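Asks: For the sequence shown, the tail end lands on 613 under this note's numbering, and the numbers increase by one without skipping.
If you're looking for bench data, these hints aren't it; they were derived computationally from the structure. Just so we're clear, the structure is a prediction, and the values are computed from it rather than from any experiment. Just so it is clear, CB atoms sit at the ideal spot from N, CA and C, and this is done for glycine as well. You may find that some hints are simply not true.
[Claimed, not checked] Using 25 Å as the maximum straight-line C-alpha spacing, the simulated DMTMM-like pairs for lysine to aspartate or glutamate come out as follows: (1) Lys544 to Asp588; (2) Lys560 to Asp365; (3) Lys560 to Asp318; (4) Lys328 to Glu440; (5) Lys380 to Asp365; (6) Lys611 to Asp568.
[Unchecked claim] Cβ-Cβ distance ranges computed for the label pairs, FRET-style: (7) Thr383 to Arg601: 15 to 23 Å; (8) Asp342 to Ile375: 21 to 29 Å; (9) Ala504 to Val600: 23 to 31 Å; (10) Asp556 to Ser345: 26 to 34 Å.
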Amino acid sequence: MKSLFLKLSTALLSVTFFFTAGCVKVPESATNLEGSLDTDNTSVPYDKLALNMFPRNQTAGDTFSQMMDIRSLGISRVRVNFWFDTFYMPFSSSIPDFTKFDTVVDSAGSAGVEIVGILSYVPGWLVGDPNWRNVYINNFVIPVVARYAGRVHYWEIWNEPDEITFSVLDGSADDYFSLLQMTSDAIRQVDPSARIVSAASANIVADGIAKFEWTNQLIDMGLARYVDILNIHTYGGQYEELIILGVPMVKKAGLPLWITEFGKRGHGTQLAYFEDTIKKLDLILNPDRIYWYTYIEGAGESETRSADSTYGLVTMDGGVRQESELYTHLKNR
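Between the sequences and the hints, there should be enough to build the whole structure, so can you do that?
Replies: Written as structure tokens, this is what we have:
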């Protein structure tokens, strides 16, 4: 551990210069830090483990059955998309339909599972409307948060807005921050006890330091005034960037950290990746929660993936339920 922190201190000095100089490359002093991350004698932080899920996907059972299956894995926290779509509001004049949301919240309550709800996206009829933010707030955010106040305690504002824009956001930190301010204020007025989670950029270790810069811009604009929890997504290792860029970013934010997406495709490779990655993420960033992506992949009701291409712990492959080695490990631990 001493050697890791000595290398970290040296590399942090280097990264200050690189940011000042406007470079977009991780300093050379960081390139061998991964070798210092010895986790052989480190335990998997199962107490921090949580899970993404797509409850609308019914291929592996109804929503309550999925929630109970997740509980059988020793997991009691899930991240779920509350879609502002044409099922919720088919037309601008429609009365909101809470049926699917009610099913998720009722099932989670009965199974003893805590939800973080993602308030995300817009229906096609709203794209191109210059007033879309007000419609998103008044017709979606406020009614949903009010309905589930006291039952859903965590709300995440959008998902990966740097890339998933739905043709209403422009992908910039400035544009997302404007939406975040409006949405956060609305949530706190409706349910002052709710905790607000920032949206993460898409895979923060992708594209050099661009994703870190996007998140740092939010922090510099005053993110901590509008959210209670900093959120990142990370796939595919690249621990040097997390050490050199992620650690000071989290410290600067001054907020609890959640990693709400990490994962790997393919049932045969998930277990080894999980055990190695979650320990390293915990050692480097010490997040309060780490969400595996995902229980079953695919937002469509009948959507399926093959066992060797899915991020899901479970999939229906050729009409047969397939469970990954990681699923079995969690079930039997």
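Asks: So, for every hint listed, does it hold in this structure?
Replies: Results for each hint:
no.: 1; hint: Lys544 to Asp588; in the structure: holds, 10 Å
no.: 2; hint: Lys560 to Asp365; in the structure: violated, 37 Å
no.: 3; hint: Lys560 to Asp318; in the structure: holds, 8 Å
no.: 4; hint: Lys328 to Glu440; in the structure: holds, 22 Å
no.: 5; hint: Lys380 to Asp365; in the structure: holds, 11 Å
no.: 6; hint: Lys611 to Asp568; in the structure: holds, 22 Å
no.: 7; hint: Thr383 to Arg601: 15 to 23 Å; in the structure: holds, 21 Å
no.: 8; hint: Asp342 to Ile375: 21 to 29 Å; in the structure: holds, 25 Å
no.: 9; hint: Ala504 to Val600: 23 to 31 Å; in the structure: violated, 48 Å
no.: 10; hint: Asp556 to Ser345: 26 to 34 Å; in the structure: holds, 31 Å
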